Structures are given as C-alpha cells and as structure tokens.
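Read off the chains here:
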Amino acid sequence: MTLFVIDNALPWSQILLIALIGISIVFVVLLLLVYVMRLFGFVFTREHKANNAKVPVAISDEEVVAIVTALKLYKAALHDQESDMLTINRMTRMYSPWNSKIHGLTPCPERIRRK
Amino acid sequence: MGVLLSASFVSESLERFIETSGFTALFADGGYKYLIMIAVAMFLLYLAIKHKFEPLLLLPIAFGMLLSNLPGAEMFHSDLFAGGHVHWDNFVGEAGLIDYLYLGVKLGIYPCLIFVGVGAMTDFGPLIANPKSFLLGAAAQLGIFLTFIGAIALGFTPAEAGSIGIIGGADGPTSIFITSKLAPDLLGPIAIAAYSYMALVPVIQPPIMKLLTTKKERMIKMSQLRQVSKTEKILFPLVITVIISLALPAATPLIGCLMLGNLMKECGVVERLSKTVQNELMNIVVIFLGISVGATATADSFLNARTLGILVLGVVAFAFGSASGVLLAKLMNLFAKEGKKINPLIGSAGVSAVPMAARVSQSVGQKDNPSNFLLMHAMGPNVAGVVGSAVAAGILLSILG
Numbered sequence: 185m186t187l188f189v190i191d192n193a194l195p196w197s198q199i200l201l202i203a204l205i206g207i208s209i210v211f212v213v214l215l216l217l218v219y220v221m222r223l224f225g226f227v228f229t230r231e232h233k234a235n236n237a238k239v240p241v242a243i244s245d246e247e248v249v250a251i252v253t254a255l256k257l258y259k260a261a262l263h264d265q266e267s268d269m270l271t272i273n274r275m276t277r278m279y280s281p282w283n284s285k286i287h288g289l290t291p292c293p294e295r296i297r298r299k
Numbered sequence: 298m299g300v301l302l303s304a305s306f307v308s309e310s311l312e313r314f315i316e317t318s319g320f321t322a323l324f325a326d327g328g329y330k331y332l333i334m335i336a337v338a339m340f341l342l343y344l345a346i347k348h349k350f351e352p353l354l355l356l357p358i359a360f361g362m363l364l365s366n367l368p369g370a371e372m373f374h375s376d377l378f379a380g381g382h383v384h385w386d387n388f389v390g391e392a393g394l395i396d397y398l399y400l401g402v403k404l405g406i407y408p409c410l411i412f413v414g415v416g417a418m419t420d421f422g423p424l425i426a427n428p429k430s431f432l433l434g435a436a437a438q439l440g441i442f443l444t445f446i447g448a449i450a451l452g453f454t455p456a457e458a459g460s461i462g463i464i465g466g467a468d469g470p471t472s473i474f475i476t477s478k479l480a481p482d483l484l485g486p487i488a489i490a491a492y493s494y495m496a497l498v499p500v501i502q503p504p505i506m507k508l509l510t511t512k513k514e515r516m517i518k519m520s521q522l523r524q525v526s527k528t529e530k531i532l533f534p535l536v537i538t539v540i541i542s543l544a545l546p547a548a549t550p551l552i553g554c555l556m557l558g559n560l561m562k563e564c565g566v567v568e569r570l571s572k573t574v575q576n577e578l579m580n581i582v583v584i585f586l587g588i589s590v591g592a593t594a595t596a597d598s599f600l601n602a603r604t605l606g607i608l609v610l611g612v613v614a615f616a617f618g619s620a621s622g623v624l625l626a627k628l629m630n631l632f633a634k635e636g637k638k639i640n641p642l643i644g645s646a647g648v649s650a651v652p653m654a655a656r657v658s659q660s661v662g663q664k665d666n667p668s669n670f671l672l673m674h675a676m677g678p679n680v681a682g683v684v685g686s687a688v689a690a691g692i693l694l695s696i697l698g
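Chains as they are written, first to last, in the working numbering: chain A, 185 to 299; chain B, 298 to 698.
Because the hints were derived from the structure by calculation, they are not lab data.
None of these values were measured; they are calculated from a predicted model.
Even glycine gets a Cβ: it sits at the ideal position worked out from N, Cα and C.
Treat each hint with caution, since some may be false.
Result set (DSS-like, lysine-lysine): computed pairs, CA atoms no more than 27 Å apart in a straight line [unchecked claim]:
(1) Lys233/A <-> Lys530/B
(2) Lys638/B <-> Lys233/A
(3) Lys507/B <-> Lys638/B
(4) Lys512/B <-> Lys233/A
(5) Lys513/B <-> Lys233/A
(6) Lys429/B <-> Lys233/A
(7) Lys634/B <-> Lys512/B
(8) Lys512/B <-> Lys527/B
(9) Lys530/B <-> Lys572/B
Away from chain A, derived, C-beta distances all over 10 Å, residues of chain B [stated by the list, open to error]:
(10) Gln438
(11) Lys512
(12) Met653
(13) Gly685
With these hints in hand, go ahead and build the complete structure from the sequences.
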C-alpha cells in the first residue's frame with residue numbers, strides 16, 4: 185500500500201509534508217495506545233481494588249499468632265521426600281582409594297634433619 | 298624438447314596461478330580499495346573484541362565484510378541482487394554461501410525473527426504501568442523524520458533518506474528491515490552506523506541530556522510504578538498487535554513478531570519456545586544476519602562520500618531523537634501536578650536501544666541524586682521506543698515503499 189506517488193525529484197514542500205505527516209501519525213498511533221492502556225489500567229486496577237476489598241483487613245493478634253504457629257508446625261512436620269530405592273552401582277574400575285595400599289598403609293615418617 | 302615443454306608448462310601454470318591470486322588483485326589498479334576495506338574490517342573487529350562494542354553483531358558483520366573484500370574469493374555476488382530484486386534465473390548457478398544467507402535479509406526474514414527474540418526478552422510492565430511513556434517513545438522518533446529531511450538536502454533519494462533516518466530509532470533490526478526494502482545498496486553502511494551508534498549510547502546521550510536539563514530537573518524523583526497483573530501482560534501484546542496492524546499494515550511484520558515473542562514469554566505455557574527464541578534462534582539469526590549484512594559492504598558500495606554522509610546523518614538522527622525525548626518530558630512537566638512530574642532524563646531512553654538507553658538515564662540521574670532510581674521508569678519509554686520505531690518504519694514503508 186503506497187500513500188503517495190514519489191519520484192526522486194520531490195519539491196521541498198512535499199518533503200516537509202511527508203516528514204510532518206510521518207511524525208504526526210507516530211504521535212497519533214502512540215497517543216491512541218496511551219488511552220487504550222489507560223483504559224486497560226482503569227479496568228484492571230479497579231478489579232484489583234475490588235478483590236482487595238473482599239479480604240478482611242483487620243485480623244486480631246491472636247489470629248496472627250495462630251496462623252504463624254500453624255505454619256511453623258506444618259513446616260516442621262515436613263520431610264524431604266526420598267525415592268526409597270537403593271541401588272548398588274557396579275564399578276568397572278578396579279582401582280579405588282578404598283583398596284589402595286598407598287593410601288591404606290601409613291607411610292614412613294620422613295626424618296627432618298636439623299642443621 | 299620434452300624438458301623445454303614441461304618447463305614452459307610449469308611457468309604458464311605458475312603465471313596463471315599468480316594472476317588468479319588475491320595478492321595480485323591487491324596490488325593491481327584499484328587494489329588499494331580492498332586494502333582499505335580489510336583495514337576497516339580489522340578496525341571493527343578490534344572495536345568488537347577489545348572494546349566490546351555490540352560484539353554479538355559487530356563481530357560477524359566485520360568478518361562478513363572481511364570475507365567479501367578478499368579479492369578473488371567471490372564470496373558475495375552483488376549483481377545477483379542488483380536493481381533491488383533477486384535475479385532468480387542466475388541464482389542457482391552463481392550463488393555462494395553468503396548469497397544464500399543474504400536471502401534472509403533481502404526477503405526481510407532475519408529482522409522479524411530477531412524481533413521475536415527481542416519480544417521474548419522484553420518486559421513491557423513499566424510501559425503498561427505508565428502509559429504516558431508511549432509519548433516519550435513517540436517523541437524520540439522525531440530524529441528519524443528530521444534526518445529524513447537532512448538526508449534529502451544532502452542529495453539522497455527519498456527512499457535512501459528514509460533508510461538513513463531510521464538509524465535515529467536506534468533499532469538495528471528495524472534499520473536493516475527498512476533498508477533492505479527501500480535502499481538495499483546502502484545496507485552495509487547503514488547497518489554498521491546503526492549498531493555502532495547503539496554501542497555508543499553511553500557516549501552520545503549524556504552530554505545532550507545534561508545540556509537540555511537543569512540539576513533540579515535531573516534530581517526529580519518519580520513515584521513508584523503500580524503492580525501490573527499477569528492478565529494485563531498477556532493481553533498487552535494482543536491489543537498492540539491488533540491496533541497497530543489495523544492502523545499501519547506495513548508495520549505488521551515487525552510489531553507482530555515482537556508481540557509474538559512477548560506473548561510466548563508472558564503466557565507461561567510455552568516455556569520451551571520462549572527459551573528457544575531468546576537464545577538458540579536469536580543467536581543463529583544474528584550470525585546469519587551479521588555475516589550477510591557485513592558482506593554487502595564491498596569496496597565499491599562502501600568507499601564513497603555517501604558512506605561518510607550516512608555516518609554523519611546517523612549520529613545527527615540519534616542526537617535529535619535523544620534530545621526530542623528529553624524536551625517532550627520537560628513539556629509534559631509543565632502540565633503535570635507536583636508529585637506527578639517526570640524526570641526528563643527518562644525521555645532520552647525513548648530511542649529504542651534496549652536496555653542501554655535506560656541504563657544511561659539511570660546513571661546520569663544518580664550522578665546528581667544518588668538515591669534516585671530511574672531505571673524502571675526509563676524502561677517504559679525505552680520499550681515504547683521499540684514500538685515507536687516499528688511504527689515509524691511502517692509509516693516510511695507506506696509512504697516511500
């Protein structure tokens with residue numbers, strides 16, 4: 185879609201008009217978006233406020249303590265879930281530090297000669 | 298006799314070999330152009346590697362430039378794309394690797410794919426929370442249209458002037474998209490100018506920002522942005538795509554891809570796709586795009602006064618874009634109530650070099666008021682600039698395409 189028929193030798197009036205129309209369209213489109221997003225914000229913040237209003241604001245200290253204690257007890261009762269599966273992996277490597285004589289035997293202490 | 302024959306055969310073979318060698322072409326008539334281009338490519342590689350100037354793009358661009366300027370290698374055949382269209386009849390017989398890669402640029406595929414990745418990496422939350430940022434994003438596009446006028450005054454055609462002006466949007470993929478459609482001959486210089494100036498945001502913008510604002514204005518603290526719900530973030534790309542595509546069909550490829558990527562990120566149900574477009578797809582496309590764009594910067598198309606003009610006009614476009622964002626923020630402050638005023642420093646982030654321009658607003662603001670945190674406020678105009686430059690690109694395509 186072409187808005188104007190352009191040739192290479194444009195009069196300056198047309199060039200300025202193109203620039204003016206161009207920047208004006210940018211502003212108009214983005215201004216439209218400003219209002220759409222404001223409407224957006226208005227709808228969603230109102231919904232958010234309405235949801236917040238449903239929640240009782242005033243909670244007594246005893247209730248807070250009860251909630252915190254319940255959460256504490258619940259979390260203390262939690263354990264890590266384990267798979268309950270024991271697997272013995274067959275080692276293809278024959279050598280291991282566990283059967284190494286070098287590591288198993290106490291090496292002779294080196295004598296430090298005093299000068 | 299046999300010895301003489303074989304001696305002449307060897308000397309002829311050696312002569313032919315020397316004639317076809319790139320070294321001979323380097324020292325032949327006009328060979329100095331290749332040497333200059335190789336030096337330019339090396340300099341860009343130095344900037345990318347040593348100074349980390351947008352290395353992800355500058356490195357493949359510079360290497361593509363190096364490859365296409367090695368005489369005799371024939372890596373890129375500009376004649377296959379002469380006249381602004383692909384010569385399919387000769388393509389299969391003559392085209393090499395870079396010619397095939399360049400098809401992605403020529404057909405406008407790579408910039409759109411990059412926009413999918415950019416969308417998936419962008420958080421539009423600050424823009425949704427403060428929709429006025431759209432205006433700052435729009436103001437920063439003023440540089441595009443002022444430079445359009447300046448480029449015509451320097452003798453460029455309207456289509457070329459539009460491609461040069463879009464450098465002011467500080468958006469590499471958009472610049473490449475527009476230039477590949479309007480002025481493919483200028484693709485190399487424009488891409489290099491666009492990415493170089495994006496890397497130079499921290500150098501170009503601060504003096505302009507300080508010149509146009511007072512210390513008191515730079516110290517303005519802005520109120521905290523509201524929380525944006527997930528539903529808003531999901532609906533945002535859909536609403537923007539529909540509105541902009543209906544208003545400006547020419548901008549649909551860019552805006553549609555940007556918002557597709559953003560929807561993938563925000564909806565939370567296509568995590569794998571979101572990660573792919575942010576990383577693997579983006580990286581692959583960047584490599585292809587960089588090499589093929591760099592390869593278009595051949596000695597004949599790059600070494601002329603027009604390239605110098607493009608580099609100068611590019612920085613002018615960028616400066617005007619930054620300045621107009623700051624000035625509009627100051628204008629908006631005249632009508633804003635106390636406590637609702639905008640720090641004008643976030644206006645310069647309206648050029649869409651994300652997130653560099655927003656970081657510059659933050660750092661300049663903190664110099665005058667260390668307790669001021671402008672980053673999130675500046676991200677609003679910054680991402681609005683991405684939308685704004687895509688809209689400006691659509692307008693230029695509609696008018697000049």
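Now for the hints, and whether the structure bears them out:
no., hint, in the structure
1, Lys233/A <-> Lys530/B, "18 Å, holds"
2, Lys638/B <-> Lys233/A, "25 Å, holds"
3, Lys507/B <-> Lys638/B, "18 Å, holds"
4, Lys512/B <-> Lys233/A, "38 Å, violated"
5, Lys513/B <-> Lys233/A, "35 Å, violated"
6, Lys429/B <-> Lys233/A, "22 Å, holds"
7, Lys634/B <-> Lys512/B, "19 Å, holds"
8, Lys512/B <-> Lys527/B, "38 Å, violated"
9, Lys530/B <-> Lys572/B, "18 Å, holds"
10, Gln438, "5 Å, violated"
11, Lys512, "29 Å, holds"
12, Met653, "21 Å, holds"
13, Gly685, "6 Å, violated"
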